Amino acid sequence: MLEDSKFVFWLTVFRNIMPHVDVLYNQLQKTRTDAALIRKQVNVFQQSLEKERKRMDTVTKDISASYETSRKRKRENIHINRTVAAREICDVITNQVKERFCFYFSLLCCFSPQSSEIPGVGEKVSNSDS
Numbered sequence: 012m013l014e015d016s017k018f019v020f021w022l023t024v025f026r027n028i029m030p031h032v033d034v035l036y037n038q039l040q041k042t043r044t045d046a047a048l049i050r051k052q053v054n055v056f057q058q059s060l061e062k063e064r065k066r067m068d069t070v071t072k073d074i075s076a077s078y079e080t081s082r083k084r085k086r087e088n089i090h091i092n093r094t095v096a097a098r099e100i101c102d103v104i105t106n107q108v109k110e111r112f113c114f115y116f117s118l119l120c121c122f123s124p125q126s127s128e129i130p131g132v133g134e135k136v137s138n139s140d141s
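According to the working numbering, the residues represented by the sequence shown are 12 to 141, in order.
Derived from the structure by calculation, the hints contain no laboratory data.
It should be emphasised that the depicted structure is a prediction, and the values quoted were computed from it without experimental measurement.
Even glycine gets a Cβ: it sits at the ideal position worked out from N, Cα and C.
There could be a bad hint or two in this list.
Stated by the list, open to error - Think about it this way: if two alpha-carbon atoms lie no more than 20 Å apart in a straight line, the pair counts; the simulated PhoX-like pairs of lysine-lysine are: (1) K17 with K72; (2) K65 with K109; (3) K41 with K51; (4) K62 with K51; (5) K109 with K62; (6) K109 with K51; (7) K62 with K72.
Unchecked claim - Okay, the calculated beta carbon distance ranges per label pair: (8) R50 with V95: 29 to 35 Å; (9) K72 with E110: 28 to 34 Å; (10) S77 with P30: 20 to 26 Å; (11) P30 with C113: 20 to 26 Å; (12) D15 with R111: 30 to 36 Å; (13) Q40 with K109: 42 to 48 Å; (14) T42 with D73: 37 to 43 Å; (15) D15 with A46: 40 to 46 Å; (16) V19 with R43: 37 to 43 Å; (17) E14 with K51: 39 to 45 Å; (18) N37 with V95: 38 to 44 Å.
Between the sequences and the hints, there should be enough to build the whole structure, so can you do that?
This is the structure:
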């Protein structure tokens, strides 16, 4: 398996991404946290993932250089395809985090004690309880 350039490439990609996922997960598991801290951690995660996304081209080149293929054109196509796929994975992860936390922050706004100060929000929450 370690002789397969495709396997090594994806192993390297996820080895670069997963520490950021782990940090975000650990931050979200803390019992003492608030919306501002969570928002900050989500932003840090998104910035970290964007840096990894930009580095995918170098990761692909490094792996391609380590596992030379017989034809240069084939290597270039593999390089482009893998880089695009790795960037898409980063984009999907980032978009999922944005979607999930956008929903979370909306709920937090609706059910927070300050929501009664926002016109119409407190009424909707209290009416839904009946």
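- Run the structure past the numbered hints and jot down the numbers of the failing ones, going up. Those not satisfied are hints 13 and 18.
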